[in-house]
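Novice: Chains as they are written, first to last, in the numbering used here: chain A, 10 to 247; chain B, 815 to 916.
Calculated from the structure, these hints are not laboratory results.
Incorrect hints may have been included.
[As the list claims (entries may be wrong)] Reference listing, derived: stretches of chain A covered by chain B, where coverage requires no fewer than 3 residues with Cβ under 8 Å from a Cβ of chain B:
| id | stretch |
| --- | --- |
| 1 | 69-82 |
| 2 | 94-108 |
| 3 | 134-145 |
| 4 | 183-193 |
| 5 | 224-232 |
[What the hints assert, rightly or not] Incomplete in silico selection of chain A near chain B, CB under 8 Å:
| id | residue |
| --- | --- |
| 6 | G58 |
| 7 | V65 |
| 8 | P236 |
| 9 | L240 |
[Claimed, not checked] Each computed SDA-like pair below joins lysine to any residue, with the alpha-carbon atoms no more than 20 Å apart:
| id | chain 1 | residue 1 | chain 2 | residue 2 |
| --- | --- | --- | --- | --- |
| 10 | A | K144 | A | T156 |
| 11 | A | K144 | A | G184 |
| 12 | A | K134 | A | H186 |
| 13 | A | K85 | B | V838 |
| 14 | A | K85 | A | E161 |
| 15 | A | K85 | B | V845 |
| 16 | A | K85 | B | F834 |
| 17 | A | K85 | B | A861 |
| 18 | A | K85 | B | L841 |
All C-beta atoms in this analysis are idealised placements derived from N, C-alpha and C, irrespective of residue type, glycine included.
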Amino acid sequence: MSAADIHLTDAEQHASTALQHHFDNMEQQREAGTLGMWVFLITEIMFFGGLFTAYVLYRTLNAPSFAAASSGLNVKMGAVNTVVLICSSLTMALAVYYAQTGVRRMQLILLLVTWVLGATFLVVKTFEYAEKFEKGHVPWLNFTWNTPEAPEAMPAGANVPAIRMFYWIYFVMTGLHAFHMIIGLGMLGFLIYFAWRGRYTPEYHAPVELGGLYWHFVDIVWIFLFPLLYLLGANLHH
Amino acid sequence: MSEHIVSRTVYFVIFGALIFMTIVTYLAARVDFGNEAVNTIVALTIAVIKATLVILYFMHVRYSPRLTWVVVTSGFFWLAIMITLTLSDYLTRTPSGLPGTR
Numbered sequence: 010m011s012a013a014d015i016h017l018t019d020a021e022q023h024a025s026t027a028l029q030h031h032f033d034n035m036e037q038q039r040e041a042g043t044l045g046m047w048v049f050l051i052t053e054i055m056f057f058g059g060l061f062t063a064y065v066l067y068r069t070l071n072a073p074s075f076a077a078a079s080s081g082l083n084v085k086m087g088a089v090n091t092v093v094l095i096c097s098s099l100t101m102a103l104a105v106y107y108a109q110t111g112v113r114r115m116q117l118i119l120l121l122v123t124w125v126l127g128a129t130f131l132v133v134k135t136f137e138y139a140e141k142f143e144k145g146h147v148p149w150l151n152f153t154w155n156t157p158e159a160p161e162a163m164p165a166g167a168n169v170p171a172i173r174m175f176y177w178i179y180f181v182m183t184g185l186h187a188f189h190m191i192i193g194l195g196m197l198g199f200l201i202y203f204a205w206r207g208r209y210t211p212e213y214h215a216p217v218e219l220g221g222l223y224w225h226f227v228d229i230v231w232i233f234l235f236p237l238l239y240l241l242g243a244n245l246h247h
Numbered sequence: 815m816s817e818h819i820v821s822r823t824v825y826f827v828i829f830g831a832l833i834f835m836t837i838v839t840y841l842a843a844r845v846d847f848g849n850e851a852v853n854t855i856v857a858l859t860i861a862v863i864k865a866t867l868v869i870l871y872f873m874h875v876r877y878s879p880r881l882t883w884v885v886v887t888s889g890f891f892w893l894a895i896m897i898t899l900t901l902s903d904y905l906t907r908t909p910s911g912l913p914g915t916r
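Chain B with its partners taken away, still in its complex shape (with noise of 0.2 Å):
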């Protein structure tokens, strides 16, 4: 068996990690940067780390072979994709003419 079996300890640190940066993003959120951006990009920033830690350990992607790797990347990176060139499409027209808006 060749099966790559991740510890127990590995699983709790994890896990301690997460529920600690759920505890910052709720504490983060109440604070007043002075510009509400700060408070997304601190509230995203937290939940990418989160969602690496789950993919890489919970997952067992660290520990899985190259090909897996480029297959769940490509996945985020085409999700980037999508947003990005969605965004600069309808940002980059005004008035958008979207439901809700000016």
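This is chain A alone, in the form it adopts within the complex (with noise of 0.2 Å):
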């Protein structure tokens, strides 16, 4: 706590419009929120946690499978998707630091820039999505695994059911953080409106940090996506 905040009275402190009356002051409010934040986040922890403990299952019992299918995904476009995701962390990381500094307009730049950013995310994954729709290797509508017509990587031990159960955790998890990520545009589209209306103060913006810890959650789901996912089978290609 800071000098500052021990010479303002509770009185003076709640008459700023930011804090609310059931907090003492801007700092148990600010805390408060952020803890809130990180137990929703630990929610979010053990959803994505069940399918990543599918994952690992499946990915001990059937080895060269995984590999296998591992083989047939786009490592391009998964690592563009992972270098924009980073980068749309630096960007909501700085919105943050110009909303706690109080300059509006690089807030909205770099707001508007993240969400330029997830919304490449999102049509890159599209693509990818198509391909997968194009090489049949969508477990619920058209799934085929080394065809005549199409040879894949059928390495010994490996199994097409095996194939088939990893191309359904890979859709089951990219979609549920796809998404986490159309959430996320909206989140940000509410923040660039209250942004742009010049809501956050350097004394209140909750919204823009709260909304930035969601943010980079999403982009460590994925950290941990790309290499499990897309690498497995990366030394197959050669």
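With the hints as a guide, dock the two chains, each given alone in a separate frame, to form the complex.
Specialist: Next up, the structure:
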């Protein structure tokens, strides 16, 4: 707590519109918000964690099949999307910085850039899903693997049901991640609107800060998805 | 205001580290270490470091109160429990009876 906080009386603190009546001071309000957001993010960790557990389990039991299946993914698109998401995390972090320092124009620009990067990710993802459909790798629609017309990696010990299981896990995990990205874009739209209205000040910018936590979390999920899904079969390519 | 404002320099340094580690992950995955487990360990180690950097700096946990530290750590700890105990069950059953397995 800084000297400035200590010298303010409760009445003075509550006189500012940013402080809700059930908190003693801004610091307490901010910390409660952050903690609440983290509790939500932990439910998200468990949500994705169940899927990661399924991945680890099936992969442990079907290592050759998973390596073969992974070689069917488009590593370039996955890598581009990884870089796009890391860039969007930087712009989001900077948007929070400009919200904290009260530079409305930069805050607005960076939120918009974050939105555009998030949308770019989803566009690339759409092309990727389309490619999977064309190659016949969508488990519930048209799944085939290593047919005479389209030969694919089939190392010793691999089997098609397990390869198909990899693609189920791929679609569910990346699909759920993409769904989180869509929610994130909606959230950014909300932040952009209110940043444009000039609602966020150095004193009150909790939505930008907490929105940032959510966005970085979605980035972290992808940081794990990229090597686990795309790079698993990378040494089969050569 | 007692809020800790992380400087832009820190953000750019972390960003550089994340991009660098992404490239290393990509290149390391193409190397044949003789054992595929090594590729996995390398990839996961880098991913954990990247995630830790994002959590500590982009998500400001490094500058957060102890309570936030405890909550965040416990979340990942419980995830580790879930994965470890699930595997310790499934991997000690043969045959496992899961679809797609022997």
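Novice: All the hints need checking, so say for each whether the structure fits it.
Specialist: A quick look at each hint next to the structure:
no.: 1; hint: 69-82; in the structure: holds (count 6)
no.: 2; hint: 94-108; in the structure: holds (count 8)
no.: 3; hint: 134-145; in the structure: violated (count 0)
no.: 4; hint: 183-193; in the structure: violated (count 0)
no.: 5; hint: 224-232; in the structure: holds (count 5)
no.: 6; hint: G58; in the structure: 4 Å, holds
no.: 7; hint: V65; in the structure: 6 Å, holds
no.: 8; hint: P236; in the structure: 4 Å, holds
no.: 9; hint: L240; in the structure: 4 Å, holds
no.: 10; hint: K144/A - T156/A; in the structure: 11 Å, holds
no.: 11; hint: K144/A - G184/A; in the structure: 18 Å, holds
no.: 12; hint: K134/A - H186/A; in the structure: 11 Å, holds
no.: 13; hint: K85/A - V838/B; in the structure: 15 Å, holds
no.: 14; hint: K85/A - E161/A; in the structure: 18 Å, holds
no.: 15; hint: K85/A - V845/B; in the structure: 17 Å, holds
no.: 16; hint: K85/A - F834/B; in the structure: 16 Å, holds
no.: 17; hint: K85/A - A861/B; in the structure: 18 Å, holds
no.: 18; hint: K85/A - L841/B; in the structure: 12 Å, holds
Consistency with the previously given hints fails for numbers 3 and 4, ordered from lowest to highest.
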